[in-house]
Amino acid sequence: MLKAILNRIIPHPQLTGFLLLTWLLLVNSISTGNVLLGLIIGLLIPGITQPFWPDRPKIARPLKAVEYVLLVLWDICVANVTVARIILFKSNANTHSHWIVVPLEVRSPEAITILAGTITMTPGTVTSMLAADASHLLVHCLHTDDPDAVRDEIKHRYERRLKEIFE
Amino acid sequence: MTEQMNVTLALIAALPFVGALFPGLMIRAGRDACALSAGWATLSALILLLTLAPSVWDGETVVFQVEWMPLLGLNANFMLDGLGFLFGCMILGIGLLIILYARFYLSRDDPMGQFYTYLMLFQGAMLGIVLSDNILMMVVFWELTSLSSFLLIGYWKHTVAGRQGARMALTVTGLGGLALIGGMLLLGEAAGSYDLTEILQRREAIQDSPLYMPALLLILLGAFTKSAQFPFHFWLPHAMAAPTPVSAYLHSATMVKAGLFLMARLWPVLSGTDAWFYIVGTTGLVTMVIGAWIAIFKDDLKALLAYSTVSHLGLITMLLGFGTTAAATAAVLHIINHTIFKAALFMTAGIVDHEAHTRSIKRLGGLRHLMPITATLAIVTALSMAGIPLTNGFLSKELMLEEAAHTTWVSNPWIVPLFATIGAVLSATYAFRFIAHVFLGPVRHDYPSKPHDPPFGMYAAPALLAVLVMVVGVFPEATVGSFLQVVADSVTGQHLHLHELKLWHGFTPALGMSAAAIIGGLVLLSAYVPFEQFWKALPHPEAKAVFDAIVTTLHRGCGYFSNVLHDGRMTKYIAIFAVTTIAAGLYAFSSGPYLPGTRPMLTPTLVDYVGALLVISSTVAIINYHRSRLLVLVLIGINGLVVSIIFVRLSAPDLAMTQVTVEVVTLILMLLALHFLPKRTPRESSWNRIGRDMAISGAAGIAVAALAYALMTRDFSTISGYYLENAKPGGGGTNVVNVILVDFRGYDTFGEIIVLGIAALTIYALGEALMDGKASRTLANWVQHYPYSKDRHPLMMVVATRVMMPISLMVGVYIFLRGHNDPGGGFIAGLVVAIALLMQYMASGFSWASERIHIPYHSFIGWGVLVAGITGIGAWFAGQPFLTSAFGYVHIEPIEEFELATAMAFDLGVFLTVVGAVMLALYSLSRIARRTGETVNVAPMDFDPSAEDPLEEPR
Amino acid sequence: MELIAEILVSALLVIAGLFGLLGSWGLVKLDDTMRRLHAPTKATTLGVGGVLIASMIYFAVFLDHLTFHELLITAFLFITAPITANFVAKAHMHRDIKERDLPPTGGQYGWAGYDEIGDAEQPIDTK
Amino acid sequence: MEALLAIIIGLQTAGGLYLVMRLRTFSVIIGTALLTYSVNLFLFASGRLAINMPPIYSKYAEGYTDPLPQALVLTAIVISFGMTAVVVLIALGAFLESDTDQIDVRRDPQDLDLDPDEVPLDVDSREPGLQEPKGDFAQ
Amino acid sequence: MITYALYFATVCFSIGLVLNIWRIRNAQGVVDRILALDTMVVNAIALIIIYGILENTAVYFEVSLLIAMFGFVSTVAYCRFILRGNIIE
Amino acid sequence: MNHWIIAPVLLPAMFAAVMAMAMRHDLLLQRVFSVAAIVALVMIATGLFVTTLDGTVQTYKLGNWDAPFGIVLVLDRLSALMLVMTSLLAFGVVLYAVGSDWDSRGRHFHALFLFQLMGVNGAFLTGDAFNLFVFFEVLLIASYGLMIHGGGGMRLRAGLQYVVMNLVGSTLFLFAMGTLYAVTGTLNMADMALRVRDIAPGNEALLLVGGALLLIVFGIKAAAFPVHLWLPGTYANAPLPVTALFAIMTKVGAYAILRMYTLVFGADAGAVGDFFAGILLPVGILTLVIGATGVIGAKLLPRQASFSVLASMGTLLIAISLFSEAGTTAALYYMVHSTFAAALLFLVLDLVQDSQGVTIRAPGGLVASLFFAAAIAVAGMPPLSGFLGKLLVLDASRGLPETPLIWAVILTTSLMLIVGFGLRGSRYFWKPLDPNFTNPANLDADGEPHPAHPIKPLAVTAAFVPLVLLIMLTVAAGPIMEVLQDTALQLRETGIYIEAVLGPQAEG
Ligand code: NA
Ligand code: NA
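Residue numbers (my numbering), protein chains in the order written: chain Z, 1 to 167; chain A, 1 to 955; chain H, 1 to 127; chain Y, 1 to 139; chain D, 1 to 89; chain E, 1 to 508.
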């Protein structure tokens with residue numbers, strides 16, 4: 001009963017928390033008034049957006065998520081250097097681009113999206129398209145001589161972790 | 001001359017108009033009732049007029065004055081003197097007879113109520129002319145006679161002749177009427193008054209004035225057109241398309257005499273100059289001769305009579321033109337006589353037409369035996385027209401010849417008498433022809449209808465007039481002598497010592513001329529057949545052809561010109577507008593002193609140059625690639641982006657934010673519309689055109705740039721300091737721009753949100769209209785010309801939106817709340833929220849999303865306007881004007897102090913309107929799209945891999 | 001402390017500037033739209049990210065004004081950049097790349113842009 | 001700076017006007033959008049230019065630029081947004097209803113009918129109805 | 001030192017913008033241009049932030065926030081137009 | 001402070017908002033509220049008008065901010081007159097729209113109608129130049145909605161032209177506004193007037209540029225040559241009752257010219273004032289000539305009527321251009337007259353079309369009589385007020401070097417109008433329909449002619465509203481002229497206005 005009511009009031013507890021945080025980032029001051037206001041907004045907005053997000057995934061292991069974020073951040077830095085080197089020092093003719101098909105095991109749309117995003121933000125790869133049934137990812141690789149290795153790394157480095165986080 | 005105020009005069013003037021109201025209603029009670037209702041008013045007016053006769057006979061002027069437009073000098077002033085009395089009697093007396101006659105003349109198919117209404121309107125107008133004391137008032141009635149005669153001539157509107165004749169009369173008399181307006185205004189200025197009683201006293205002032213000549217010409221133009229003087233005579237015969245009662249009334253007895261009346265009325269002040277003599281006298285003489293000449297050869301009874309009327313009007317005009325009192329007296333007498341015999345003649349012609357079903361002289365003859373009464377009446381009156389002794393026509397014609405005999409024209413004593421005699425000969429000829437070819441001779445067997453005398457009601461009126469012809473003709477002094485004296489006195493403005501009117505004056509030149517006329521007439525008639533051959537061999541310059549050519553050319557020329565100018569080519573309109581603006585700006589600039597500005601300029605940095613480069617190149621690219629529409633939208637996005645960066649650079653964060661947000665919403669709308677529009681613009685303009693447009697727009701650009709530069713580089717003093725000082729203390733906000741928007745100039749903002757609201761309503765209404773029209777069919781048959789990607793609601797976008805939308809909404813709230821103190825505010829917040837929703841629509845489709853969050857668009861707009869309005873109105877309760885703001889600082893533990901301002905409520909109104917308006921516009925566009933038969937997704941994304949059975953029918 | 005901050009901020013700015021420039025340069029240099037997509041997607045994000053972090057540090061240290069605004073923009077860009085890139089890629093593929101030029105998915109269905117899934121009749125909205 | 005801005009304003013005006021004089025509704029709309037940019041900048045510039053002086057109270061501010069034109073431009077932006085939305089929709093509607101997106105509605109200058117009452121000049125126009133009088137009662 | 005770094009970054013991003021414009025001028029298709037515009041947006045955001053640091057003010061921050069938001073929306077809209085025609089079907 | 005001054009703006013706005021929100025599905029309710037609102041407007045406007053009769057100029061400080069910093073509404077004789085005129089016109093038109101069912105041929109007619117009134121009233125009342133722009137936009141955008149009411153390809157295309165022309169005009173308005181602000185540093189019209197009077201000599205050229213641009217803007221609204229070209233297409237293709245309402249739109253332009261170029265750029269502004277007076281006369285003359293030319297040349301009645309509006313605007317501009325007491329008096333009288341006359345004409349034309357299907361087929365007596373009356377009014381023939389108006393203009397323009405030209409043009413064009421209306425009117429109303437003639441526009445999908453609609457009594461009654469007003473304008477011309485003369489006097493005495501807005505010490 002109580003839980004049901006609480007569910008009605010706070011349909012998205014994580015989102016509420018996230019919005020509160022965003023609010024505080026925005027107003028840039030932590031005061032009672034702002035926290036209260038942030039809470040109110042954090043409660044109201046999910047009320048509006050809730051119908052658009054009917055099945056929320058469970059984040060099973062939040063700590064893993066933090067780890068994942070840090071990993072990706074690091075990879076992004078590396079990615080930039082990698083891409084920089086390709087752009088600066090490789091002629092177009094010497095750049096070997098490939099399409100890479102990545103079969104997916106994660107099924108949650110959120111996980112797939114995060115994976116796709118990660119791929120795009122990290123070294124030399126851009127998620128170009130999903131299979132119609134979201135079972136595969138089409139990735140464009142800027143330069144590699146071993147497409148399979150790239151595929152394997154994606155699966156190993158990112159998808160595995162995402163599976164852990166979401167399932 | 002003494003004046004006497006008498007309200008009867010107003011009553012007389014008003015009665016015909018009152019009478020005009022009835023026939024239309026009374027027609028339901030029958031034709032007799034209808035005629036009676038018109039006749040009643042006329043008779044009453046006539047009786048009232050006669051009650052004033054004693055005053056008139058005493059030489060008094062009866063006046064009645066009502067102020068109408070004293071500032072203009074246009075007043076409802078009426079006066080009655082001898083001349084007015086004469087015309088009044090003619091108008092009402094003949095009017096009464098015509099009403100009687102028309103009752104029998106018109107057929108059952110003719111709308112009689114309409115006829116009598118028009119007739120009474122005309123009567124009122126005509127009476128107004130002759131009773132007006134104010135010359136502007138006279139013009140009013142003058143124009144009214146043109147209008148009512150237009151209606152009467154066109155009474156048989158189904159006939160070509162009726163319509164043409166009506167238009168021609170309207171055009172010619174309208175022309176004269178307008179000239180008359182000018183003339184009267186000038187006359188009034190020369191005389192210092194518009195009141196006749198005043199004007200008639202100021203002969204010297206008027207004739208010495210430099211305005212005399214233009215006034216005279218304009219007034220005479222009015223008089224000549226109305227009285228059908230050469231060369232404006234041509235409309236009168238065509239006006240004969242009217243029913244005969246109308247011809248008898250308007251086109252012989254009354255309206256055409258309005259011009260004569262005017263000349264007689266103004267005779268004391270306008271006549272006596274050389275200009276008057278040569279213009280009026282000559283015109284009259286020429287008209288008299290030409291009219292009579294043409295009349296002879298007319299086979300149509302009414303045409304013959306019409307040209308005869310032209311001729312007689314010329315005669316009278318000539319007499320007035322001579323400028324002597326004796327001639328004027330003769331003119332007056334002929335006005336009386338012509339009215340009597342010509343009205344009767346028209347009525348008899350009408351009877352012939354009514355009975356024989358033709359008025360063609362060539363088909364008539366011998367009617368004397370079949371309709372003896374009519375024949376008698378016709379012959380008596382026609383003899384009067386010919387000027388045969390013992391008829392009234394003889395008297396005045398004799399006087400005319402007498403006057404003509406003494407008149408010298410450009411020091412030549414022969415010209416006028418000669419032409420007057422010729423005129424008289426021709427007059428006698430057509431009068432004799434009228435008698436001989438219609439009534440005399442053997443009875444024919446081929447009349448279209450068997451003629452016989454009409455019922456008494458129909459010939460009563462002409463009979464009465466025929467009797468008058470004889471009585472006056474035999475006993476002139478006893479019958480019209482004193483009347484003539486009264487009228488002549490009033491025309492000339494002097495007390496004249498008239499000779500007694502008598503039949504026998506002894507052997508005068510006039511008698512000889514008269515005799516010559518009668519003999520000449522008989523001779524010409526006897527030689528009619530060869531004479532007619534001779535006529536037919538002559539060229540016939542037709543005034544109507546000229547008139548038609550003018551009207552046609554005018555219509556064609558004006559139409560062509562107007563269509564070429566207003567040809568619906570918007571691009572041309574814009575070009576003209578641009579050229580005008582540039583020219584006006586340059587002209588204005590060169591018309592005043594200019595000093596260059598002295599304000600120190602800001603030094604641009606690298607970024608500024610880059611920004612400029614961006615705008616310049618994207619603008620050039622837009623022009624270059626403008627045919628590729630999607631590309632243009634991309635390029636214009638660059639332009640917008642840089643403009644907002646310029647705003648940042650130049651200290652306008654609010655502007656930058658607004659620019660960015662508006663940019664996106666506009667882009668979305670354009671993309672939505674472009675979906676249905678052609679994707680490319682064809683190459684259509686010629687190089688010439690492109691060159692022209694380049695030149696124009698280049699000039700405009702240079703002009704604007706120069707103007708902007710000139711303005712930016714000079715110092716000025718502005719009211720802005722006040723805003724900077726008072727925003728916080730007076731408006732409670734630290735963002736001065738926002739305080740201006742919601743407080744100092746909140747009223748502008750109120751208007752602005754209403755603009756948005758209206759825009760949305762318009763879009764909505766248009767969308768609905770398209771659903772019913774051709775567009776709906778076009779859409780239903782919509783064919784996608786390009787293959788579309790199968791990726792409709794992609795998973796990644798949906799998921800991203802799930803995160804982005806709450807944040808965006810929050811940003812919206814944030815921007816809204818901070819607006820009063822920092823960049824932001826209701827408008828931007830509204831757009832942010834709208835775009836957040838839009839993002840959802842893009843991700844999952846409009847239908848899916850709008851089903852899940854129902855936004856009552858109309859209510860948002862309505863409430864927005866109401867909230868803003870009510871916030872403003874709230875100030876009333878504090879005794880303050882609309883939109884007066886209040887703000888205060890609230891402190892509730894444990895929350896720190898915060899500010900509450902009514903301006904925020906106002907901003908809320910802005911917010912609501914913006915959201916509602918954008919959403920309503922999107923809704924309308926999506927509705928158009930759905931008419932193409934688009935399917936609607938029932939799941940947020942095309943394929944949800946996490947669903948238990950993703951390919952199962954979606955929830 | 002201030003010196004460290006100064007060095008840090010300067011370094012971040014320089015790096016950000018370089019990567020920003022690199023992103024745009026890549027856009028110019030690379031010869032195929034799919035390849036060009038790589039440059040700005042990554043480089044400019046880091047470019048802006050660097051600037052944003054520099055700004056955060058700068059305001060915190062030199063103006064005693066600790067702000068986290070910048071994190072929000074950073075987050076925004078990081079969330080949106082892959083989506084944008086994905087859309088641009090799809091648009092490019094839709095216009096210029098035939099399905100046969102792509103490797104097969106290896107699954108039951110083709111790539112999303114080319115293959116319709118769920119052919120089930122969907123309602124036609126008449127509202 | 002002033003000169004740069006003036007050039008930008010002028011160029012946008014020229015470009016906008018040029019496009020407004022094109023023959024298709026879409027170009028015209030784009031043209032008006034460009035004109036809107038230019039006039040907004042112009043109106044903004046009427047308050048003179050200032051760098052880093054936003055009219056928002058701040059203890060660091062050395063001065064404030066003229067806030068009034070900014071408020072005016074804001075109003076103008078919003079209004080022209082509404083106008084643009086309407087014009088876009090009308091253009092769309094006009095296209096769907098008439099199958100053309102031409103802005104010009106050509107009117108033929110020769111498209112004049114003469115009243116049939118008027119007798120053409122080449123026909124003898126001598127007083128119809130009078131030369132051969134029918135009379136008011138002719139059957 | 002920071003000032004110089006700021007100038008350096010400014011120059012970099014400005015050149016970036018010029019390069020973007022070059023790409024827009026010499027693009028293979030409209031998608032290329034959309035990509036360039038998207039890059040421009042990012043460069044512009046960076047410039048605005050740098051400008052804020054230079055002028056010691058946070059007043060322009062929200063501008064860049066909105067540019068970030070709406071740059072995304074408009075890029076998606078362009079692409080959706082190319083992909084599907086109707087962007088909010 | 002007299003809160004009623006804001007009522008002519010607020011009342012329609014609030015009613016329209018409520019209508020759009022709560023009554024959009026209930027036409028009957030919309031009609032009731034719309035008519036009620038307009039009746040209330042008539043009463044309020046009349047009341048306000050009465051309060052101005054004592055010669056005072058009242059102001060209403062919005063937000064309680066003093067001029068020139070806040071926006072003030074100014075109620076003087078002229079603005080009150082315009083309000084009365086607007087509301088009376090609106091009353092007739094809205095009755096007609098209800099009576100003829102025009103309001104049911106599309107959505108939101110009444111809300112747009114009231115918003116339009118709000119915009120017009122706001123433009124008449126405001127004392128602030130930029131606010132004038134805002135209310136121009138309000139009335140314009142509402143007019144766009146009304147113009148395309150009911151849809152249809154041709155109407156939409158014409159509507160698009162109308163919108164584009166006005167968009168360009170609005171852009172120019174802002175250019176003018178920017179120029180004027182940059183030179184004078186103010187937006188309040190009274191304040192601007194003062195600043196214009198002691199403008200620095202080096203700024204005068206730029207000031208003139210601003211004024212000239214503004215004049216073109218108002219010229220577009222007032223359909224002045226050569227920026228009048230939009231009018232015939234727009235008027236002839238809009239729903240005719242809407243065109244009847246648009247009779248006030250051109251007057252908004254005329255009003256703005258009258259206001260700005262007497263107050264700000266008027267005689268008190270010295271050389272600046274003389275400059276503008278000189279421009280306006282030729283413009284008026286050319287507009288009149290073009291209008292009259294079109295009246296003769298037009299083929300269809302609505303187009304002809306549209307050109308007659310041009311002609312009347314030409315006459316009005318001539319009168320305004322005199323910038324004399326008599327000229328302004330004449331202008332005011334002619335303005336009131338031509339507004340109602342145009343409304344009458346367009347309502348009658350709609351009656352004709354409505355009663356006879358698409359092609360006009362010699363309709364019955366009442367409608368024909370109404371057309372005759374309308375044509376008389378528009379052509380300036382007696383007995384209706386058009387004649388008096390023309391007399392006034394002629395009278396006011398005497399004694400000038402240009403008098404012969406003005407008179408010749410006015411009188412000649414009057415004849416052209418008479419000929420034009422006579423030509424078309426007799427053809428459409430008198431000539432029997434050729435039985436062999438079938439206008440494709442007059443046939444339905446099956447090739448059968450559209451049945452003639454019965455004339456709706458309320459519509460006919462509504463058409464009488466402007467006619468009755470014209471008759472009153474004629475009969476009561478004397479007292480009305482006195483009021484108008486006082487109005488003209490007040491308009492010329494700019495000191496009263498400026499003092500009312502800026503306070504007593506302002507002038508001097
Ligand atoms: Na990657
Ligand atoms: Na798909």
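Please keep in mind that the hints were generated in silico from the structure rather than gathered at the bench. This structure is a prediction, so every number in the text was calculated from the model and none was measured. Treat the hints with caution; some may be incorrect.
Unchecked claim - Derived pair list, reagent style BS3-like, types lysine-lysine, alpha-carbon separation capped at 27 Å: (1) Lys572/A / Lys431/E; (2) Lys728/A / Lys59/Y; (3) Lys29/H / Lys790/A; (4) Lys90/Z / Lys3/Z; (5) Lys431/E / Lys157/A; (6) Lys572/A / Lys728/A; (7) Lys3/Z / Lys155/Z; (8) Lys679/A / Lys774/A; (9) Lys536/A / Lys679/A; (10) Lys431/E / Lys544/A; (11) Lys299/E / Lys790/A; (12) Lys679/A / Lys98/H; (13) Lys29/H / Lys98/H; (14) Lys64/Z / Lys155/Z; (15) Lys728/A / Lys157/A.
Hints, one by one, checked against the model:
Under the criterion of a C-alpha separation no larger than 27 Å, the hint pairing Lys572/A with Lys431/E is inconsistent with the structure, at around 37 Å. Note on Lys728/A and Lys59/Y: the hinted pairing holds, with a Cα-Cα distance of about 13 Å set against a maximum of 27 Å. A C-alpha spacing of about 32 Å is found between Lys29/H and Lys790/A, which places the hinted pair above 27 Å, so the restraint is violated. At roughly 60 Å between alpha-carbon atoms, Lys90/Z and Lys3/Z are farther apart than 27 Å, so this suggested pair is violated.
For the hint pairing Lys431/E with Lys157/A, the CA-to-CA distance comes to about 7 Å; that is within 27 Å, so the pair holds. Note on Lys572/A and Lys728/A: the hinted pairing is violated, with a Cα-Cα distance of about 50 Å set against a maximum of 27 Å. The suggested pairing of Lys3/Z with Lys155/Z is violated, with an alpha-carbon distance near 38 Å, which exceeds 27 Å. Distance check on the hinted pair: Lys679/A and Lys774/A sit about 21 Å apart at the alpha-carbon level, within 27 Å; holds.
Proposed proximity of Lys536/A and Lys679/A is contradicted: the alpha carbons are some 72 Å apart, above 27 Å. At roughly 20 Å between alpha-carbon atoms, Lys431/E and Lys544/A fall within 27 Å of each other, so this suggested pair holds. A hinted pair counts as satisfied when its Cα atoms are at most 27 Å apart, and Lys299/E with Lys790/A does not qualify at roughly 54 Å. Between Lys679/A and Lys98/H the alpha-carbon distance is near 22 Å, which keeps this suggested pair within the 27 Å criterion.
Among the hinted pairs, Lys29/H with Lys98/H is consistent with the structure: their alpha-carbon atoms are about 25 Å apart, no more than 27 Å. Distance check on the hinted pair: Lys64/Z and Lys155/Z sit about 16 Å apart at the alpha-carbon level, within 27 Å; holds. A threshold of 27 Å between alpha carbons decides the hint, and for Lys728/A with Lys157/A the separation of about 76 Å lies outside it, so the pair is violated.
In this structure, the earlier hints numbered 1, 3, 4, 6, 7, 9, 11 and 15 are contradicted, and the remaining ones agree with it.
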